[in-house]
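Engineer: In the order they appear, the protein sequences are chains V and P. With the first letter of the first sequence counted as 1, position 250 gets the number 279 in our numbering; the numbers rise by one all the way through. With the first letter of the second sequence counted as 1, position 83 gets the number 618 in our numbering; the numbers rise by one all the way through.
It is possible that some hints are incorrect.
Stated by the list, open to error - In silico EDC-like links for lysine to aspartate or glutamate, alpha-carbon gap of 20 Å or less:
1) K302(V) / D399(V)
2) K667(P) / D54(V)
3) K667(P) / E346(V)
4) K333(V) / E346(V)
5) K667(P) / E312(V)
6) K689(P) / E346(V)
7) K176(V) / E192(V)
8) K677(P) / E74(V)
9) K67(V) / D558(P)
10) K667(P) / D311(V)
11) K67(V) / E418(V)
12) K667(P) / E74(V)
13) K430(V) / E74(V)
As the list claims (entries may be wrong) - Computed footprint of chain P on chain V, listed as stretches where at least three residues anywhere in the stretch have a Cβ under 8 Å from a Cβ of chain P:
14) 56-69
15) 77-88
16) 107-115
17) 129-136
18) 144-151
19) 159-172
20) 419-428
In case anyone wonders, no lab produced these hints; they're calculated from the structure. Here the structure is a predicted model, which is why all the values come from computation and not from measurement. Heads up, the beta-carbon is just placed ideally off N, CA and C, and yes, glycines get one too.
Listed below are the residues making up each chain.
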Amino acid sequence: MTKQIHLWAFLQGIGHYPSGWRHADATPEAVFSMDYYKSVGQLAERGRFDSIVFGDQLQSRGANGHTPERVAIPTLDPIALLAAMGAVTEHIGLVATVSTTYFEPEAVAERFATLDRITGGRAGWNIVTTAHPASAWNFGQDEMPEKSSRYARAHEFVEAACELWDSAETDGNAVPVQYRGQHITMDATMPGPALPQGRPILVQAGQSPDGRAFAAATAEAIFCPAPTKEDGIAFRNDMHERIAAAGRDPEAVKIMPGLSFILADSEEEAIAKDEAILDLADEALCIEYLGESIGFWLGGHDPKEPIPFDDIVAGTEFPVADITRMLEKPAASGIALGEFASRHVRTPRGHTVFRGTPQQLADRMIDWIDSGACDGFTLQPAYMPGELEIFVDQVVPLLQKAGRLRLDYPGPTLRDTMGIAA
Amino acid sequence: MNRHFILSATIAQPELNNPAWADSVLNGADRAGIDLAVLGAPGSLPFDPMVIAAWAAPMTQRIGLVPCVSTAVAHPFHSARSLSAIDFLSSGRAAWNPIAGAGHDNIVAADMVSAARSLWDGWASDALIIDKESGRYLDGSKVRLSNYEGPHFKVRGPLNAARPLQGHPLLVADASAPFDVAGTDLVILEEGQAALPGSNCLKRAGNSPDLAALVAEFEAGEIAGVHWTLTNPGDDLREIAEFSSALSRFRQARETGSTLRERLGLPLSDNLISEGAFA
C-alpha cells in the first residue's frame, strides 16, 4: 500500500502570519467565539485531518512591560479550547501544548485523563519545557531554570504522568503512585477508568540536542521545522538513529514538519497573494514583532536610525548571548531599524513556505513523503479560516484521489487515526 | 428586575468523565431549570472539573458552569486563563468554586482568587480594537502588569487571555470549605447552617424540602436560592424540575439576560476590580 499522509492543523487563533488577521478573508473577532472553533474543528474533520494542534505560551506578548498593539493577540487556554472542540467533533485528534516547567505532573495527568475520557480517546500532549523568560515571572520565580535542567525535569515529569495513567484501573480501583526523582516528587492516585487510549499521544517539538534526546526517548510524534526536503530527510534520519539507539521502533514515531502555504489558481497568483499579505505588515507592525521576538520594547526608537544595539543588549529580557548572536551582524552593517524589522518578519521560523496551486502542493507533499522527508505535515495556514478552507476543498480531494489520504477515519481514537499503538 | 430564585446543584459523580453520561445529566440539569452546576466537590475530584466545564460549554444552553478549583494542583495563571476561555466559549456562563487543597489552608484559596482577579483586571473590557484597516489590534494602554504578590502566590501578568466576558466569572464559595474574600457572589451553606447576613446564600436542600418555608426565607432576603447535591440524577432532576415550575414567578430571569451574572442579577461590583485596573 502506498504510504498515507498524516495531517495536523496547527491552528493559532488568527493564522501564522503576523499580519494574517488583516486579510480580507480572515475573521479575527471570531477567535473568541465557540461558533468559530466549531466550524474550524468540523472543517478539519471534513478534511480528514488526524488532529488539531494548539501551541501555547505562558506569558503575554510584549517586552519590558509594554504590550504591542498589533501583535499581542490574546489566546484561549489550549486544553479548555480542545475540550470544547471535542464536544462538537467526532473523530479529530486534540493535541494541546502543556509545559512541564510550570505545571505539576498530577495536575497534567488529571487534565489529559479527563480530556481523553470525555472525548472518547482523542487527546495528545505536545510536551514543552517553556523557553520565554517572562513566563517565570508569572509563576513567582525570578528566572527560568536553565535548559538541561528543564529537560531533566521534563523526562521525570512524563515518566511520573505515565505511571499515573498506567495505574488507572478499568474497575475503578485507584492504585497509589509514588514517584521519587531528582526534580519531581509525586504521591498521587488516578481513579479509574483507564484512559480510552491508555495514554494520550506524546508529542515533542524541541530542536536542540536536549530536545532531540528527549524526543528519541519519549515522543510518538514530532513537530519540527524542515525548510527543504533535504533538511527533512536529514532530520528524520537523525531522529530514526536516535530512536533506535533508545531501543524504540523508529517507524512508530511520526515526523510532522510545519508547512505554511498560500494557494491560488496559478503560481504567480499565489506569490502575489503572499506578497500582499506580507505587505499588510507595515513597518510599525514589523518593529513591534521584532521587539516581541528580542524581548526589548522598540517603541521609542526611530525606524530610520540604525538598530539600537547597545540599548537592546542592556535592556533585553532574553539571554544576552542569544540576542547578541542574532543582532551583531545586522547592527554592524548599519541597516536601519525599520528596514531590518521588515525583513525579519518575512523570515519564516524555519518552516517551509509553499506558494502555488493545489495540485503543486499535493505533488510536493507526496514527493516529500516518498523521499522519506516526513510522515505527514503540520499545516500552518497564513490566515484563518479562508486558507484552511481552500486546502480542505481543493488539496484534500487530490490527496484522496491519489490514494494518499484516508476517505474516512479508521477508528474512534487518535491512536487509531495515527496508527500508533499504546 | 425582580430577584431570581437560584437553583444550584453539585454534580461530582466519577461518571462525569463519560461523555454519554455527562451529556445526559448536564443537559437534564439545564432542562430542569438548574442555574448552576457545581462540578466536583471539596476533597473529591475524580476528574478535572475545568476540562468538564470547557467540554460542557458548547453542549449546554443556559446553565452556569462552576468547576471546583483545588489549590493543591492549580496556579492562578492557569486558572485565570482556563476560566477566561470557558467564559468566552460558553458566552458568559463561567463561574468557579476555589477550594483549599490538601496541605493548604483557606488563605491560599482566597489568595488564588485575588491573584486571578488581578490578572483579569490587567485587561480593560474595551482593550481589543481589532481594526483591519488601521492594523490596530488592541490599545496597549489598556493592558497592564498585575505585579500581584500575596501570601502564597506571586504573578506578574499580563494574562495572555482577554478579560472574561463577565469581567470576573461568578465566584461561589462552599461553607464546608470556606475562604474569606470580598465580593464572593454566592455561598453554599452547610446543612442546617443559618443564613449569613450580607451574603447571597444558597440553602442546602435536605429530603423533601418545604417549599413554602423556602419561599418565605427567599422573600425575606435571607436566602438567594437552594442547592442540591445530586445522588441519583434521574430522580433528583425530576424533583428539581417540579421545584422550578412551582417557583416560576421568581424565575423569569432564566430566559432573559445574556450572561450568567445578568440572569442571576449578580453584577460585578466596581469596587471588586483591582486598584489601578479598569472597569
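Engineer: Three or more residues of the region 77-88 of chain V near chain P by CB distance under 8 Å?
Structural biologist: Check passed, 3 qualifying residues.
Engineer: Taking 20 Å as the top limit, are the C-alpha atoms of K302(V) and D399(V) close enough?
Structural biologist: Roughly 29 Å separates the two Cα atoms, so the pair is violated.
Engineer: Is the straight-line distance between the alpha-carbon of K667(P) and that of E74(V) 20 Å or less?
Structural biologist: violated (29 Å)
Engineer: Check, residue by residue, whether the region 107-115 of chain V contains three or more positions whose beta-carbon lies closer than 8 Å to a beta-carbon of chain P, and give the verdict.
Structural biologist: holds (count 6)
Engineer: Are the Cα atoms of K667(P) and E312(V) separated by 20 Å or less?
Structural biologist: OK: K667(P) and E312(V) at ~15 Å, within 20 Å.
Engineer: Starting from K689(P), check that the Cα of E346(V) is at most 20 Å away, please.
Structural biologist: Between K689(P) and E346(V) the Cα gap is close to 19 Å, so the pair holds against 20 Å.
Engineer: Just to make sure I understand the rule, a stretch counts as covered if three or more of its residues have a C-beta closer than 8 Å to a C-beta of the chain. Does the region 56-69 of chain V meet that for chain P?
Structural biologist: holds (count 7)
Engineer: Can you confirm whether chain P covers the region 419-428 of chain V, using C-beta to C-beta distances below 8 Å and requiring at least three such residues?
Structural biologist: violated (count 0)
Engineer: Does E346(V) sit within 20 Å of K667(P), going by the straight-line distance between their CA atoms?
Structural biologist: violated (30 Å)
Engineer: Is it true that the CA of K430(V) sits at most 20 Å from the CA of E74(V)?
Structural biologist: This hinted pair holds, its Cα atoms lying about 18 Å apart.
Engineer: Below or equal to 20 Å on CA atoms is what counts here, so check K67(V) against E418(V).
Structural biologist: holds (14 Å)
Engineer: For the pair supplied as a hint, K333(V) and E346(V), confirm whether the alpha-carbon distance does not exceed 20 Å.
Structural biologist: violated (24 Å)
The structure fails to meet hints 1, 3, 4, 7, 8, 12, 20 from the earlier list, while all remaining hints are met.
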